[in-house]
Amino acid sequence: MPDAQAVAQSPLIALVGNPNTGKTTLFNALSGLSQKVANYAGVTVEKKEGICHDQHGKPVRLLDLPGAYSLNASTPDEAIPRDVLLGRRADTPKPDRVICVVDASNLERNLYLTMQVLDLGIPAIVVLNMMDIAGARGMKISAASLQEQLGVPVIPMQANTRQGIERLRVAMSQAELPLAKRGEYPASLREALAKAHELLDAGETNPDGNALAGTVSLICSRERDAAAAPGIEAARSLMERDCTGWEENLVASQYKRIGELTRNAIEQPRSSDPTATDKIDGVLLHPVLGWVILGGLMTALFAMIFSVAAVPMEWIDAGFSSIADWIKTWMAEGDLRDLLTDGVLAGVGSVLMFLPQILLLFFFIGLLEDTGYMARVAFIMDRLMGLVGLNGRAFIPLLSSYACAIPGIMATRTIANPRERLITILVAPLASCSARLPVYVMMIGVMLPSGVAGVWVKVAFMLGLYALGTVGMFLFAWLFHRRLRSGNGSTMILELPPYKVPVLRTVLLRLWSRARVFITQAGTVILVISILLWAATSYPKPDAGDDTDRLTQSIAGQLGKQIEPLIEPLGYDWKMGIGLIASFAAREVFVSTMSILYRADDPGEEGTRPLQAILREQKRADGSPLFNAKTCLSMLVFYVFAMQCMATLAITRRETNSWKWPLFQFGYLTVTAYVAALLVYQGAGLLGY
Amino acid sequence: MSAGSSGMIESLHFASDDSFRLREMGFLPGARLRLVRRASLGDPIEVEIGGAHLALRHKDAALIQVKVTPDA
Chain U
7 MPDAQAVAQS PLIALVGNPN TGKTTLFNAL SGLSQKVANY AGVTVEKKEG ICHDQHGKPV
67 RLLDLPGAYS LNASTPDEAI PRDVLLGRRA DTPKPDRVIC VVDASNLERN LYLTMQVLDL
127 GIPAIVVLNM MDIAGARGMK ISAASLQEQL GVPVIPMQAN TRQGIERLRV AMSQAELPLA
187 KRGEYPASLR EALAKAHELL DAGETNPDGN ALAGTVSLIC SRERDAAAAP GIEAARSLME
247 RDCTGWEENL VASQYKRIGE LTRNAIEQPR SSDPTATDKI DGVLLHPVLG WVILGGLMTA
307 LFAMIFSVAA VPMEWIDAGF SSIADWIKTW MAEGDLRDLL TDGVLAGVGS VLMFLPQILL
367 LFFFIGLLED TGYMARVAFI MDRLMGLVGL NGRAFIPLLS SYACAIPGIM ATRTIANPRE
427 RLITILVAPL ASCSARLPVY VMMIGVMLPS GVAGVWVKVA FMLGLYALGT VGMFLFAWLF
487 HRRLRSGNGS TMILELPPYK VPVLRTVLLR LWSRARVFIT QAGTVILVIS ILLWAATSYP
547 KPDAGDDTDR LTQSIAGQLG KQIEPLIEPL GYDWKMGIGL IASFAAREVF VSTMSILYRA
607 DDPGEEGTRP LQAILREQKR ADGSPLFNAK TCLSMLVFYV FAMQCMATLA ITRRETNSWK
667 WPLFQFGYLT VTAYVAALLV YQGAGLLGY
Chain X
4 MSAGSSGMIE SLHFASDDSF RLREMGFLPG ARLRLVRRAS LGDPIEVEIG GAHLALRHKD
64 AALIQVKVTP DA
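If you read the protein sequences in the order shown, they are chains U and X. Residues in the first sequence are numbered consecutively from 7, following the working numbering. Residues in the second sequence are numbered consecutively from 4, following the working numbering.
Simulated from the structure, these hints should not be mistaken for laboratory data. Think of the CB as a built atom: it goes at the ideal place given N, C-alpha and C, for glycine as much as any other residue. Misleading hints may appear alongside valid ones.
Quick list of in silico lysine-lysine cross-link-like pairs, DSSO-like style, CA-CA up to 30 Å [to be verified]: (1) U/Lys53 / U/Lys666; (2) U/Lys100 / U/Lys187; (3) U/Lys187 / U/Lys201; (4) X/Lys70 / U/Lys285; (5) U/Lys262 / U/Lys187; (6) U/Lys146 / X/Lys62; (7) U/Lys285 / U/Lys146; (8) U/Lys567 / U/Lys625; (9) U/Lys42 / U/Lys64; (10) U/Lys464 / X/Lys62; (11) X/Lys62 / U/Lys201; (12) U/Lys187 / U/Lys64; (13) U/Lys100 / U/Lys146; (14) U/Lys625 / U/Lys636; (15) U/Lys262 / X/Lys70.
Distance ranges between label pairs, derived from CB positions [stated by the list, open to error]: (16) X/His61 / U/Ala473: 27 to 35 Å; (17) X/Glu51 / U/Ser598: 26 to 34 Å; (18) X/Leu66 / U/Ser194: 21 to 29 Å; (19) X/Leu66 / U/Val597: 28 to 36 Å; (20) U/Ile329 / X/His61: 30 to 38 Å; (21) U/Asn663 / X/Glu51: 43 to 51 Å; (22) U/Val597 / X/Ala18: 54 to 62 Å; (23) U/Leu185 / X/Arg35: 53 to 61 Å; (24) U/Pro293 / X/Leu66: 24 to 32 Å; (25) U/Leu390 / X/Pro32: 39 to 47 Å; (26) U/Ser194 / X/Arg35: 21 to 29 Å.
Partial list, derived from the structure: chain X residues whose beta carbon lies under 8 Å from chain U [as the list claims (entries may be wrong)]: (27) Arg35; (28) Arg37; (29) Ala58.
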């Protein structure tokens, strides 16, 4: 273990680059398992830090900044590299050095960001990554020429096969790194920019860099720095007044510099043979084959989730039960034992059971991202998602939500537009997740006994429920889109990066960090809720009696009776009310609660008859069956819409960084569930059922 | 433009600042681009510019004036 103090005092090197440049692969190769992932304060952007050792064995702190196309930030993600490099973030010191990771096969556009960074006057190393792809395109790049013209070390690299890593390590070990040759803005803009710079008063500038570079980034950003907002407005109107078309002029002048730089350094083939990526896209984006392959892959994914994941899910379930049994044999009977077995273990176990599914989903999402196929899915689906105001990138998160909304919501970070990302998060729980399946199966079974309806009728009902949730999802997405419409009609630009063979290490590292988020964030909330629910279903204790008496006299039981007037119009009695309350932690708890509540009254031998048969025999006060078709339907519709998953709410809180959105999500979904169930029950009544 | 054809950007006709990011990504007058394909539902379209493959929606792409040139 390196001495903590030595590490804290060691230099901080930031990695900067466009998205899809292999920056994270390089970061992983350099820092290995030492990395820490957290969020930047106040935003849901991942902060990845690691430690690596230079050639002399001295520790160096590495910071993997979020991918950006420009320091003129247009999204919250892009504001992070801008603010970190300008030394404007309280939670991150200004880096001592920068490594600019550049995609060699796409040099000009990548150099745009690099030039902005070099202009800031921070000692830098430029890494030309993906040299293999550039080579395959027939490009000849002279790193030496670039190095001479830029004035900083330029290192060719293939991070995925670790070629060039040692050269980079040597360059990082230099005590003094040269500064880039200073760039200038066009003469026509300089005077006005200097005035804007004074107006903005954005703090001290780096004497080693272009004094105006920081000001330019701040005033050109669409994602404004809140602290500097009034100054930015003033500076922008000054620029508009003095130099019309100044922004276009700035971009054009930067590209002119880049053009001069690359003229001597790159040899572009006049026309090249189709690359591997072009050929693969010919198939994967084929008008017909593209859909077939996408459909096939997603079907295979879901088949895996529901079959392969079932095995470890049973292990986890059995594991938690056997721990509970073990505690029961070793601990004396009492409240503490019940708390541990019925509260903590049962509650946490019922949610952790979904961990295998969630991990599989994370793994597949990681593979899709790292191969480059994710962007193709977005390309294929964009038109359809656009109908309800979402973009193609929302497709995979929403699809994942059919297994579990948690990985779905966590996968929305790839959606750059904050508004579209929020809408995707809000509607994700409307996808019928696998925790609803036990409830669907039970209620359909009660409604349609095997003798009455064939398997296909049940299947049709099941599909109907999934369709209902899907329609709801698109309807609400469309409504939110209409409601949250922002002023500027944003332009969608989706990059289709070259296909890559994923690096297993990168995929596994991300899988681990996401799994940890699920376990810590969702786990804590689940633990608390499980304990609360256990207490609500156990206290006050009856003097005597069995499980049923315990439940009916408990706080939850009394609450169930209290809300009976509220749920009676939906066709439910107070016992179902208890089930609804208990399943707020996790939906499938409904089944076990129903079992406890109704089984004990069963005149037959205890625990031998199927629950569905018992439920079917329940009678109302007037002697009519309690679980008639309209009650079952109303209950099913309620579960399609209701937001009964505390773990998802915890993740929504984390991903929106506020309590406002999880509360709104809970509110709108619960109201919708209630109204929909009411319409079904009362509507069926009016139709004479 | 038909899929596979290339051309040179003549001008961009966006309202105020919608085109800034496009310009930053290389959509500048004088730049060469190639229409690679349209998505199977007609939208978005994929263009190649400066070695990058980017998808744009039709409504945005329609604001980029391109002079189609025969392939060299």
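*Range hint compliance [Cβ, U/Asn663 to X/Glu51, 43 to 51 Å]*: violated (37 Å)
_Given pair status - U/Lys187, U/Lys262, alpha carbons within 30 Å_ = Given that 30 Å is the threshold and the Cα spacing comes to 16 Å, the pair holds.
*Does the Cβ-Cβ separation between U/Pro293 and X/Leu66 fall within 24 to 32 Å?*
Given about 25 Å between the Cβ atoms, the range holds.
_30 Å Cα cutoff - pair U/Lys146, X/Lys62_ = Cα-Cα ~36 Å, so violated.
*Look at the Cβ atoms of U/Leu185 and X/Arg35 and judge whether their distance stays inside 53 to 61 Å.*
With Cβ atoms ~34 Å apart, the hint is violated.
*asked:* Need the status of pair U/Lys100, U/Lys146: alpha-carbon distance at most 30 Å?
replied: violated (35 Å)
*Pairwise beta carbon distance, X/His61 to U/Ala473, judged against the given window 27 to 35 Å*: About 29 Å separates the Cβ atoms of X/His61 and U/Ala473, which means 27 to 35 Å holds.
*Please test the hint of 26 to 34 Å on the beta carbon pair from X/Glu51 and U/Ser598.*
violated (57 Å)
_Assuming the hint says 30 to 38 Å, is it satisfied by the Cβ distance from U/Ile329 to X/His61 or not?_
violated (58 Å)
*C-beta pair U/Leu390, X/Pro32: status relative to the range 39 to 47 Å that was hinted*: Hint violated: Cβ distance 34 Å, outside 39 to 47 Å.
*May I ask you to test the hint 54 to 62 Å on the CB atoms belonging to U/Val597 and X/Ala18?*
Taking Cβ atoms as reference, U/Val597 and X/Ala18 lie about 55 Å apart, which means the hint holds.
*Between X/Leu66 and U/Ser194, does the beta-carbon spacing fit 21 to 29 Å?*
This hint holds: roughly 26 Å between Cβ atoms.
Consistency with the previously given hints fails for numbers 6, 10, 11, 13, 17, 19, 20, 21, 23, 25, 27 and 28, ordered from lowest to highest.
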